[in-house]
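**Student:** Sequence:
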Amino acid sequence: MPTCQNCGQQWSWKNAFQKYIKLNKGMECPHCGEIQYVTSKSRKQSSAYSIPPLLILIFSNLFFDLSIPVYIMLAAVLFAATLVFYPFKMELTSKDEPLW
Numbered sequence: 001m002p003t004c005q006n007c008g009q010q011w012s013w014k015n016a017f018q019k020y021i022k023l024n025k026g027m028e029c030p031h032c033g034e035i036q037y038v039t040s041k042s043r044k045q046s047s048a049y050s051i052p053p054l055l056i057l058i059f060s061n062l063f064f065d066l067s068i069p070v071y072i073m074l075a076a077v078l079f080a081a082t083l084v085f086y087p088f089k090m091e092l093t094s095k096d097e098p099l100w
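Take the sequence shown: its letter number 3 is residue 3 in this note's numbering, and every next letter is one higher.
Keep in mind that the hints are not guaranteed to be accurate.
Restricting the straight-line Cα-Cα distance to at most 20 Å, the calculated cross-link-like pairs of lysine-lysine (PhoX-like) are [stated by the list, open to error]:
#1 LYS89 with LYS25
#2 LYS25 with LYS44
#3 LYS22 with LYS41
#4 LYS22 with LYS44
#5 LYS95 with LYS25
#6 LYS44 with LYS95
#7 LYS41 with LYS95
#8 LYS41 with LYS89
Keep in mind that the hints were calculated from the coordinates and are not lab data.
Please put together the full structure from these sequences, using the hints given.
**Tutor:** Here it is, written out as structure tokens:
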């Protein structure tokens, strides 16, 4: 779970998930109120986390004759698993870092 770089307190899964799905860059630490940002390393990793589910969907379509509802359900489960997993790997920083 992410840890605030200002106060050192660990965020809950709920707070980390809210940070992940919000479109704004910074989120206030629930413990000290300091604005925290997701590190560029974490943002790059989150992009990489979307690749395995896409590959699973592509190969399941190629090798298995899945109906469209099953395929959609598989996509939803893989998408949800990716969303649930990411807050555990999120890292925070007090500075807004450029992606590259």
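**Student:** Each hint: holds or not?
**Tutor:** Verification of the hints:
1. LYS89 with LYS25: holds (17 Å)
2. LYS25 with LYS44: holds (15 Å)
3. LYS22 with LYS41: holds (18 Å)
4. LYS22 with LYS44: holds (17 Å)
5. LYS95 with LYS25: holds (11 Å)
6. LYS44 with LYS95: Distance ~16 Å between LYS44 and LYS95 Cα, so the pair holds.
7. LYS41 with LYS95: This hinted pair holds, its Cα atoms lying about 13 Å apart.
8. LYS41 with LYS89: Roughly 10 Å separates the two Cα atoms, so the pair holds.
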